[in-house]
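Peer 1: One-letter residues, chain by chain:
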Amino acid sequence: MPGSSVDILIIGTGASGAAAAWRLSEAGFKVLCLEQGDWQQTDQYPTAHANWEFQGATNFAFDPNIRGLPEDYPVNDSGSDISPLMFNAVGGSTVHWTAHTPRFHPSDFRVRSLDGVADDWPISYWDLENYFDLNDEWMGCSGISGDPANPPRSQRPMPPLPLGPDGERIARGFDKLGWHWWPSDSYINSEPYRGRNACNNCGPNGLGCYQKAKGSTDVTYLPEAVKNGVEIRTGARVYEITVDQDGRATGAMYYDSDGIEHHQTARAVIIAANGVGTPRLMLLSKSKHHPDGIANSSGLVGKNLMFHPYAMVTGFFDDEEPNTYQGALGNVLMSQEFYETRKRRDFVRGYSYQMNRSSGPAKTATGLTIEPVRWGEGHHEEFAERFGKSALLAIISEDLPEESNRVELDPKLVDSNGIPAPKVIYKVSRNTRKLLDHGIRNAEKALEAAGAHRTVANPLLRGGGWHLMGTARMGDDPERSVVDRHCQSHDVDNLFVIDGSVFVTSAAVNPTPTIQAIALWTADYIARERTDLKN
Amino acid sequence: MPTKEGTLTNSDKRNMRAVMDRLIPPVDDLPGAGSMGLLEEIERMAETHDRYRQSMVRFLDALTLDMSVEVSGGFLALDSDQQDEAISEIENSISGDFANVLEVVYLAYYSRPEVHRRIGWRTGPLQPQGFTLPPFDDAILENVRKRDPFWRRAPD
Numbered sequence: 001m002p003g004s005s006v007d008i009l010i011i012g013t014g015a016s017g018a019a020a021a022w023r024l025s026e027a028g029f030k031v032l033c034l035e036q037g038d039w040q041q042t043d044q045y046p047t048a049h050a051n052w053e054f055q056g057a058t059n060f061a062f063d064p065n066i067r068g069l070p071e072d073y074p075v076n077d078s079g080s081d082i083s084p085l086m087f088n089a090v091g092g093s094t095v096h097w098t099a100h101t102p103r104f105h106p107s108d109f110r111v112r113s114l115d116g117v118a119d120d121w122p123i124s125y126w127d128l129e130n131y132f133d134l135n136d137e138w139m140g141c142s143g144i145s146g147d148p149a150n151p152p153r154s155q156r157p158m159p160p161l162p163l164g165p166d167g168e169r170i171a172r173g174f175d176k177l178g179w180h181w182w183p184s185d186s187y188i189n190s191e192p193y194r195g196r197n198a199c200n201n202c203g204p205n206g207l208g209c210y211q212k213a214k215g216s217t218d219v220t221y222l223p224e225a226v227k228n229g230v231e232i233r234t235g236a237r238v239y240e241i242t243v244d245q246d247g248r249a250t251g252a253m254y255y256d257s258d259g260i261e262h263h264q265t266a267r268a269v270i271i272a273a274n275g276v277g278t279p280r281l282m283l284l285s286k287s288k289h290h291p292d293g294i295a296n297s298s299g300l301v302g303k304n305l306m307f308h309p310y311a312m313v314t315g316f317f318d319d320e321e322p323n324t325y326q327g328a329l330g331n332v333l334m335s336q337e338f339y340e341t342r343k344r345r346d347f348v349r350g351y352s353y354q355m356n357r358s359s360g361p362a363k364t365a366t367g368l369t370i371e372p373v374r375w376g377e378g379h380h381e382e383f384a385e386r387f388g389k390s391a392l393l394a395i396i397s398e399d400l401p402e403e404s405n406r407v408e409l410d411p412k413l414v415d416s417n418g419i420p421a422p423k424v425i426y427k428v429s430r431n432t433r434k435l436l437d438h439g440i441r442n443a444e445k446a447l448e449a450a451g452a453h454r455t456v457a458n459p460l461l462r463g464g465g466w467h468l469m470g471t472a473r474m475g476d477d478p479e480r481s482v483v484d485r486h487c488q489s490h491d492v493d494n495l496f497v498i499d500g501s502v503f504v505t506s507a508a509v510n511p512t513p514t515i516q517a518i519a520l521w522t523a524d525y526i527a528r529e530r531t532d533l534k535n
Numbered sequence: 001m002p003t004k005e006g007t008l009t010n011s012d013k014r015n016m017r018a019v020m021d022r023l024i025p026p027v028d029d030l031p032g033a034g035s036m037g038l039l040e041e042i043e044r045m046a047e048t049h050d051r052y053r054q055s056m057v058r059f060l061d062a063l064t065l066d067m068s069v070e071v072s073g074g075f076l077a078l079d080s081d082q083q084d085e086a087i088s089e090i091e092n093s094i095s096g097d098f099a100n101v102l103e104v105v106y107l108a109y110y111s112r113p114e115v116h117r118r119i120g121w122r123t124g125p126l127q128p129q130g131f132t133l134p135p136f137d138d139a140i141l142e143n144v145r146k147r148d149p150f151w152r153r154a155p156d
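Protein chains in written order, with the numbering used here: chain A, 1 to 535; chain B, 1 to 156.
Honestly, the hints are just simulated from the structure, not real lab data.
One or more hints might be untrue.
What the hints assert, rightly or not - Which stretches of chain B does chain A cover? Using the computed rule of at least three CB atoms under 8 Å from a CB of chain A, they are: (1) 12-22; (2) 109-117; (3) 142-152.
Just so you know, even glycine gets a beta-carbon here, dropped at the ideal spot from N, CA and C.
For reference, chain A alone in the conformation it holds in the complex (with noise of 0.2 Å):
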């Protein structure tokens, strides 16, 4: 019901506000949610539709720039090398992520100790350790303990994913090479879990996840919050945290799906409206007592985006490996050889590789990484080359913080209620460069180890802004962060933050279980230190 206080409201269903919202609840806080999506039925996921492909480059596309439901706001992404990517729904990007889990590793909150570039994190490995464990559990993850590039960790309550012949082929390439790989963790059932179905291969788990075999939020934490009593009111777009005499947040103002205004309290407000979404909101609630955007006496919001920049090489091979399209799109293996800075290198910090295998007859013919098959004489050879032949080591780079990449508020763009729309501004560095390169030297080597006959390198991915990060940075010191260690905001003590904005450092790995494990160390603060937040 519209008006009536809650405890905690929080902006966004997604990886994080999830995760928030079930452990608050746990905890015996009231609990609601405003999402400006809506719920998805998997029944209805692109894959159960002849025309899948069509609608993964159209309706189901991860730039909301060209899926344009209504549930999106533009991007203004003309000043950045790198389109930012998301999902506007319950469960937000978790719906069509695909659920590659890895961990960041205990060097990277201590980028500034070890390497002397950017900052230490306030918060460890160690910290969050427990808290990736319940999130693998949570979201149901599947891989193999003994990985020797990173910690100990507990056992995955799923055997891996199988890396299919072209996975297996990738594997023998680096082993030949003597270099590290290892299954991929995967938020991807691979055997039934919790009520879900196991996978059934189908192959492109960008596009929702029929089965519910893959770890999203709606199918994982929000059932369980629901039934603890949240409420997910969807339709709601947010655009201002609201405050009182005293500068302390009251709740939000949105609008519904009808364009009709709502004023909603709460004791406390958790943003966990992505890299992009979050720093927006903040810069639109402007008060007396926030001159510059809520929470931004530092003038950070917004500042400090990192991507993680994308480098592509794709392989083509002449043997005749058969279904390499079957199978979890980029759930196979991962490569930290040269995950670590090293003295002799040109650049500091490091990248990961992760194997994506081939895809669909659409999708070979647009080109996934690189450029679309020829036109004209010689299209059907060229397709033959590439169809079901192929495999791709992405290059996921550490991307270290500078202010000068930013989100804004645009001046003119707006969204279909006439709020202004983020502006990204965003140039790849000379040390990312220097570390792509590096990267795609290395990924031509692997590829032809593995037997490739050709490789073709994408130097850098515009389309590959997944993840989201630094826009609201976390720290000890209020005048270099936005918000403290336990995500609450320097400047407003019940206001926190909990998605990927409060990073300070990228790492090399795709974020999600760390941003998992952040949202719950935070729900845990809240329910152990914050009782008055409790009516």
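Starting from the known structure of chain A, arrange chain B on it as the hints suggest.
Peer 2: Below, chain B alone, put in the same frame as chain A:
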């Protein structure tokens, strides 16, 4: 030339089919993409996604206004090499629009059951049937398991 609203005239449709036949030529027992009856499908796709519609309109405008094509009596009067040359010129002059047109043609062509049969792809929806998920075989880990842990320690 398409109308202001973007509706294709009969002449546009004939030109577009001919272009599509050059983008994806006949192969084996399959006709080219234009002769396969895909244009109506592409028009439906373009109706729902404006970037395709706008690009197709601009592409057809460019094709109609191309002087060399016009002098020769229109695109249909050109031989296949000349048609390819005319398409290439447009590709170079409005590359973004051409990319969108090519994308939508590829999406439509490679969604057709007869094309799937030819390339050995199981046609239709991927779900609920999916494919078999075999178990993970950890024999493949034999080499990498021998490696000592090398993750970097960090101060607390």
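Peer 1: Run every hint past the structure and note whether it holds.
Peer 2: Comparing the hints with the structure gives:
no.	hint	in the structure
1	12-22	violated (count 1)
2	109-117	holds (count 5)
3	142-152	holds (count 9)
Checked against the numbered hints listed earlier, the structure breaks hint 1 alone; every other hint is satisfied.
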